[in-house]
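Sequences are here, hints too, so could you generate the full structure?
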Amino acid sequence: MYIIIGDTGVGKSCLLLQFTDKRFQPVHDLTIGVEFGARMVNIDGKQIKLQIWDTAGQESFRSITRSYYRGAAGALLVYDITRRETFNHLTSWLEDARQHSSSNMVIMLIGNKSDLESRRDVKREEGEAFAREHGLIFMETSAKTACNVEEAFINTAKEIYRKIQQGLFDVHNEANGIKIGPQQCISTSVGPSASQRSSSEIGSNSGCC
Amino acid sequence: IEAYRTQNRFLNSEIHQVTKIWRRVAEKERALLMKCAYLQAKNCQVESKYLAGLRRLQETMGSEANDCSELLRQLIQEALQWEAREASAEGVELSPISEYDEYGFLTVPNYEMEDLKLLAKIQALEVHSHHLLAHEAVERPLRERWAALGDLTPSVELKQLLRAGVPREHRPRVWRWLVHLRVQHLWSPSRYQELLSRGQVHEHPAARQIELDLNRTFPNNKHFTCPASSYPDKLRRVLLAFSWQNPTIGYCQGLNRLAAIALLVLEEEECAFWCLVAIVETIMPADYYSKTLTSSQVDQRVLQDLLSEKLPRLMAHLAQHRVDLSFITFNWFLVVFADSLISNILLRVWDAFLYEGIKVVFRYALAIFKYNEEEILRLHDGLEIYQYLRFFTKTICNSQKLMNIAFNDMNPFPMKQLRQLRMAHRERLEPELRELERLKAEYLETRNSQAPAVPEDCASEDEVEGEA
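Residue numbers (this note's numbering), protein chains in the order written: chain S, 192 to 400; chain B, 375 to 842.
If you're looking for bench data, these hints aren't it; they were derived computationally from the structure.
If you're wondering where the values come from, they're calculated on a predicted model, not measured in any experiment.
Quick reminder that beta carbons are idealized off the backbone N, C-alpha and C, glycines included.
Incorrect hints may appear among the rest.
As the list claims (entries may be wrong) - Think about it this way: if two alpha-carbon atoms lie no more than 30 angstroms apart in a straight line, the pair counts; the simulated DSSO-like pairs of lysine-lysine are:
{"hint": "1", "chain 1": "S", "residue 1": "K213", "chain 2": "B", "residue 2": "K596"}
{"hint": "2", "chain 1": "B", "residue 1": "K768", "chain 2": "S", "residue 2": "K213"}
{"hint": "3", "chain 1": "B", "residue 1": "K684", "chain 2": "B", "residue 2": "K790"}
{"hint": "4", "chain 1": "S", "residue 1": "K335", "chain 2": "B", "residue 2": "K596"}
{"hint": "5", "chain 1": "B", "residue 1": "K768", "chain 2": "S", "residue 2": "K354"}
{"hint": "6", "chain 1": "S", "residue 1": "K240", "chain 2": "B", "residue 2": "K768"}
What the hints assert, rightly or not - Here are a few chain B residues that sit away from chain S, every Cβ distance over 10 angstroms (derived from the structure):
{"hint": "7", "residue": "E518"}
{"hint": "8", "residue": "G524"}
{"hint": "9", "residue": "L807"}
Claimed, not checked - What follows is a set of in silico ranges between Cβ atoms, one per label pair, in the way DEER data are often shown:
{"hint": "10", "chain 1": "S", "residue 1": "L359", "chain 2": "B", "residue 2": "Q694", "range": "24 to 30 angstroms"}
{"hint": "11", "chain 1": "S", "residue 1": "D212", "chain 2": "B", "residue 2": "P788", "range": "43 to 49 angstroms"}
{"hint": "12", "chain 1": "S", "residue 1": "G358", "chain 2": "B", "residue 2": "H576", "range": "56 to 62 angstroms"}
{"hint": "13", "chain 1": "B", "residue 1": "E473", "chain 2": "S", "residue 2": "K240", "range": "54 to 60 angstroms"}
{"hint": "14", "chain 1": "B", "residue 1": "E683", "chain 2": "S", "residue 2": "D212", "range": "52 to 58 angstroms"}
{"hint": "15", "chain 1": "B", "residue 1": "N589", "chain 2": "S", "residue 2": "S294", "range": "17 to 23 angstroms"}
{"hint": "16", "chain 1": "B", "residue 1": "A693", "chain 2": "S", "residue 2": "V232", "range": "28 to 34 angstroms"}
{"hint": "17", "chain 1": "S", "residue 1": "D212", "chain 2": "B", "residue 2": "A522", "range": "29 to 35 angstroms"}
{"hint": "18", "chain 1": "S", "residue 1": "K240", "chain 2": "B", "residue 2": "Q694", "range": "18 to 24 angstroms"}
Here it is, written out as structure tokens:
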């Protein structure tokens, strides 16, 4: 289970829609409370159902959002590369996330709206530096052109999967946001070839941003 | 003269005859139109059943790529493209499903999931058939009662009428009256203009957020999406005026939806402003839209208590699958179903809500679950249940049935119980919120004391800028 967080208007719902439905809606209804999406993905030959909670970004809704962290195994922390204030608020989002979630939660930092290069207000290097400093994975995406959207969600899932295999998540405790389905078992070892193959697949279309 | 007399008599009787014939024809026409509406409704129902059948087939076949599924796919494509075009060709005034309803909302809901398109079409058909059937049987007598009502005064009869819904032609007048009833102690003739001019001198801190949300308000309504429409500008002014009217709240997302509904019905922006004031300042508890949304959170817990009392089987089922209803219902309360119900039901709920207050929201929230109880009980996976709960409110099209559940099946519904539950939950929630604040402060403190040894070499001038 994932959660998408970040300031209002950075494109959280659009990222979710692009991922679950491969569509972009230029005018999206603003999210009040929480929205929800789901999709099956294949990681190392395992079918994994990602359940994604998309949250409201306005300050007032933070007290509600906190209860969603509890069961989340991964979080997408999103800012808008054309609005600096959304980048400035990252620290406070991160504090919220770290405080209310399990310490193993995988957090992916996303600089969204990479298609609006001409209006860019936050440099890619700044995003990278922030991610490095706080131990996050980083990517720039565009929910509009779909660039890197798939990768953002799937890489997060891979990272979670890796942590499961390292035994960092207790998969039998549903409060960690992971549930093993009836027909799938999580194998304990993954050959390096498998992970290499998947990373090269990502590489093939991650150069678009 | 005699000849004229005879002729006159003849002509008179002719006129008499013709009038009789005319009357008979008119009656026949009405009967035919009714029959037509009935048949059309029937047709809608059959069509919707056919689509439902297709949908079920599609589900059970899954992704098997064989001839059958190809055929099925084609049938679905065709079904989705059906238009009422052929029907209206006769010259008879039929009422085909139009793209927008009378308040400008899309009639076929634009579901985000591709595989829900069939469902959306099914719903539009069902809604239309209900509309056609209710038109003669239910709405005509109701219209007559409203027309005969005369001056509005609070009464039991008015309460009943409001619960049944105000006909469209009376709604603006009735809402203006309801709003006035609630805000008369706050109202002054120049208040709205004063608030607006205050906004011209200083920019309200909420102004930017309001601006950001304007084009994210009801993208499924033509009045808010058409670029030439005056509604977004009206909405901006109403929300700005409100942020000055109530500086503690300023602007909270969700207020945009409330104001937009008020505008769609009342049209005039000053009226819509007072309607928003009536809801936020006289109906809802004080901290419903505040920074912590305390009362809204309290109401979610109250609702769950009430659900456990009225629908114990459903609640046990949801608990078993670890479904937290507040994720779903929080939105219902905050925007009074503006995102959830189709417009003709939504506005009926508001008719009663503006008169009776928050209890109506609880009654309908319970009724919505009751209406779909069997459907939910049939689902046995938490994820599936959440997915269903995301859109199930829009599948409700029988407003009569929903209203009966809300106001009859959910009785008894004493206000005293509601007040007690609210108080009890508030007493529990407030310390929880304080505890969260304390934990946060503690967390920040320990983090700061452990002064992060950030390698400063990678902190470029960009980061300094970033902190600014």
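Structure-based check of all given hints:
no.	hint	result
1	S/K213 to B/K596	holds (25 angstroms)
2	B/K768 to S/K213	holds (23 angstroms)
3	B/K684 to B/K790	holds (16 angstroms)
4	S/K335 to B/K596	holds (23 angstroms)
5	B/K768 to S/K354	violated (40 angstroms)
6	S/K240 to B/K768	holds (26 angstroms)
7	E518	holds (38 angstroms)
8	G524	holds (40 angstroms)
9	L807	violated (7 angstroms)
10	S/L359 to B/Q694: 24 to 30 angstroms	holds (29 angstroms)
11	S/D212 to B/P788: 43 to 49 angstroms	holds (45 angstroms)
12	S/G358 to B/H576: 56 to 62 angstroms	holds (57 angstroms)
13	B/E473 to S/K240: 54 to 60 angstroms	violated (35 angstroms)
14	B/E683 to S/D212: 52 to 58 angstroms	violated (38 angstroms)
15	B/N589 to S/S294: 17 to 23 angstroms	violated (39 angstroms)
16	B/A693 to S/V232: 28 to 34 angstroms	holds (29 angstroms)
17	S/D212 to B/A522: 29 to 35 angstroms	violated (50 angstroms)
18	S/K240 to B/Q694: 18 to 24 angstroms	holds (19 angstroms)
Violation of the numbered hints given earlier is confined to hints 5, 9, 13, 14, 15, 17; the remaining hints are satisfied by the structure.
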